[in-house]
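Starting from the structure of chain U, add chain D where the hints point.
2 protein chains.
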Amino acid sequence: MRRGLIKNVDELLEGYSGPERKLREDLLSSAEKAIRAVQPDELLRKKFRLKGNTLMVGDLKVELTDFDEVVVLGAGKATHVMCRYVEQLLGHRITRGLIIVPHSVVNDYISPNVKIRGGGHPVPDKEGYEAAKELVEIAQSTGPKSLVLVLISGGGSALMPLPAEPVTLEDKVEITKALLKSGATIDEMNLVRKHLSMVKGGWLARHLSKARTISLILSDVVGDKLEVIASGPTSPDPTKYADAVLVLKKYGLWGSSPLSIKVRLERGMGGELPETPKPDDVAFSKVHNVIIGSCSDACNAAFSALTRLGYNTIYLTHRLKGEARYVGQTLAKFILDVKLGRTMGSTALVLGGETTVTVKGKGVGGRNQELALSAAIELEGSKGCACLSIGTDGLDGPTDAAGAITDCWTLNKGRNAEYEARAFLEDNDSYTFLKRVSCLIFTGPTGTNVGDLVLLGRFKRP
Amino acid sequence: MRRGLIKNVDELLEGYSGPERKLREDLLSSAEKAIRAVQPDELLRKKFRLKGNTLMVGDLKVELTDFDEVVVLGAGKATHVMCRYVEQLLGHRITRGLIIVPHSVVNDYISPNVKIRGGGHPVPDKEGYEAAKELVEIAQSTGPKSLVLVLISGGGSALMPLPAEPVTLEDKVEITKALLKSGATIDEMNLVRKHLSMVKGGWLARHLSKARTISLILSDVVGDKLEVIASGPTSPDPTKYADAVLVLKKYGLWGSSPLSIKVRLERGMGGELPETPKPDDVAFSKVHNVIIGSCSDACNAAFSALTRLGYNTIYLTHRLKGEARYVGQTLAKFILDVKLGRTMGSTALVLGGETTVTVKGKGVGGRNQELALSAAIELEGSKGCACLSIGTDGLDGPTDAAGAITDCWTLNKGRNAEYEARAFLEDNDSYTFLKRVSCLIFTGPTGTNVGDLVLLGRFKRP
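Those protein sequences? They're chains U and D, same order as listed.
So the first sequence is numbered by my numbering: it starts at 1 and just counts up by one.
So the second sequence is numbered by my numbering: it starts at 1 and just counts up by one.
One chain only, chain U, in its complex shape (with noise of 0.2 angstroms):
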């Protein structure tokens, strides 16, 4: 994967020459580059060291030989490489474990102590369901001489649904799928997630609390948040049943909500069932949460490979929200309009973060696809600028694309080709349009899992 992480660059940079190939080429390269520094394997070398029989976690030392046995749990996306990085590092140390990731990346690392269980992302899945149970079951059996070592990245929340008493899986997969389409954030999401389940919001850190935990935290999440990231299985939570009714009455959902759903929460905020555990909670007495890596690492490395080809390029935030769609209008317009000192030369901007896409159409895409086409809707007519907009883990929405990257040209390809973008993103079929035009970037699962990035260039004006 290291070499050639984009699998299609000769097609993304077909029918182009002179500053706009080196543009797209830029983009391409630097985003690549992003990636690859945020790889967790990259990550955890700088955090996470073995001298001798001390494990040094940043400032942090734990003495392997005060336990009987090291136990590996789980889940995320990413979780699978952060595996086999600490299992190079510990090797025999680790007694047994569990993880769980998507079902496409199951067989990539075979792993001789742990066992490695697919689910379903980003809507979970009995595989999913299952195999949570059995992590629940091997977390319970842990005791004052097992030190735990909890590998965490983004998905893990889907991947590990265990529904708590009455919600149904099936029920749980259909509020997920109505909150993927709401426009709901990730925040949020996890914020409801959390109040149906028997692992997440720190329920997990419970389930572990005679064991001593360290949980190595890979943040998708955008502001690193503890608690939202995989639904924070080992953080504290400092939300309330009452607040996950909010969000589901915020996005006209409430109402429609599987009854089983209901009948927990109302409880819930009846006091009859416990909330999440807060932060005095003795569970998390013995755990140690440390996040390994998040966004600002990927665009810090973007930042610093832009520099070094040369471009005036600002950082902006590894901090972005917002609907795609305006998000990739507004960027476009910034990259046609931004001037800085007397600079004249190439300009690029860098952001990070995940946006959101409101499905109102019956199309295809994802948010980085929505926010490169609309970016390329505000380009149009102007040459020498470009927007690449990728998912750091090459998964963009339910789609088999990492994102894209789109120019001036793009809309007029697809008028040649009789489709017209806007129709396409009104209709959220941004992927249909992007695919027909050649500006889908193509990765697959790439290891890692940090947000989205976004990366523009203007090229000097001769």
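Any given hint might turn out to be false.
Since copy identity is lost for identical chains, a pair holds within one copy or between any two.
Derived BS3-like pairs (lysine-lysine); straight-line CA-CA distance at most 25 angstroms [said to hold, decoys possible]: (1) Lys-383 with Lys-321; (2) Lys-286 with Lys-22; (3) Lys-7 with Lys-362; (4) Lys-115 with Lys-321; (5) Lys-339 with Lys-22; (6) Lys-262 with Lys-47; (7) Lys-225 with Lys-181; (8) Lys-286 with Lys-249; (9) Lys-339 with Lys-46; (10) Lys-115 with Lys-210; (11) Lys-181 with Lys-249.
Read the hints as simulated data drawn from the structure, not as lab findings.
Only chain D this time, still in chain U's reference frame:
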């Protein structure tokens, strides 16, 4: 007005010292400089000159001796200031005319030959209606030997309401109010109004079709489209009745629209009424439209001012749009996170445009105030940053404030006074909150109007 445009600088700096005071001072003084740079006389001086009897408007040369009379017509928030400059230049050559300005400034300039009447803004009123009737009568009385100078500035649309049959003024007022609250953009609002009017959407040019017309236009519209500024009285209109209906439907206003408006739009769609004049209409053959200034002029001036003050200044765009509260939150993240090459100095961002507010609450506020308050919520806890947002016309929404300047202390001040920013924002009550915490900027009418200016700054960390 020249000196001390911002009336309450002392209040805005009270309690601030050191670099935080300097940052506020710098943003305030740069905003002042920007507003001064877009004063109509400053702008006209460059584009509208007299040499003997030859009038030079950009590249166009007009011999005054070819005409029997020079007529001045116009409407807008800055039109009296434009008129003053034009009269200073042409003096007694101007024979007659009428301009319509907001009631609040109707006495700011007494012209010897041009009548000045007041009208309601942003909601039209009876006085504006009577004035518009007189204006059209004058227009219709011009002939082949008339040179007509049309002075258009933002606000002209509301100030010059002349409903077309069978629309009544009351109904036009009602739909204007509804559109103002709906979150519709100014483009959309004006699109609707043009199809209800006898003067907008190119109809004024029709009334002037015998004369030679020079339209001097101060743009307050994002993108500077001629047909949108003051609803384009002297510009061809590309839109149709059906488009106006689509806008009303988009914002859920069609069903509740007054009957006379529905009747007109339906008749228009049915082909019973002529569409607005299109580009090939002969009425435009003797019309010369010139944009004398726009938001980019204000942004450029702010950019220069901040650069001279030593900031690494980034001019992002002069075409900013979007929901004010989202824009404020996002720009605050930008100023917190922004990074630029190896520079470690103070940084500033410059943006111009016009955001929108979708009114849901019952409070008092404006788009600049909502933007600045939303930024304050994001800036809380992060020292060293500030956000200024101001309407270059000195009027933000239906308030007496021009805008606001906020920083990390804004929320805290409010909390001490038992006010909670978020609740106020939720109720669209930014004015009340920002007034209590002394963050409102007061200028009074500035004599110009090129949209809004947003400046953000971060001082060098020691």
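Hints the structure fails to honour: Those not satisfied are hints 2, 3, 4, 6 and 8.
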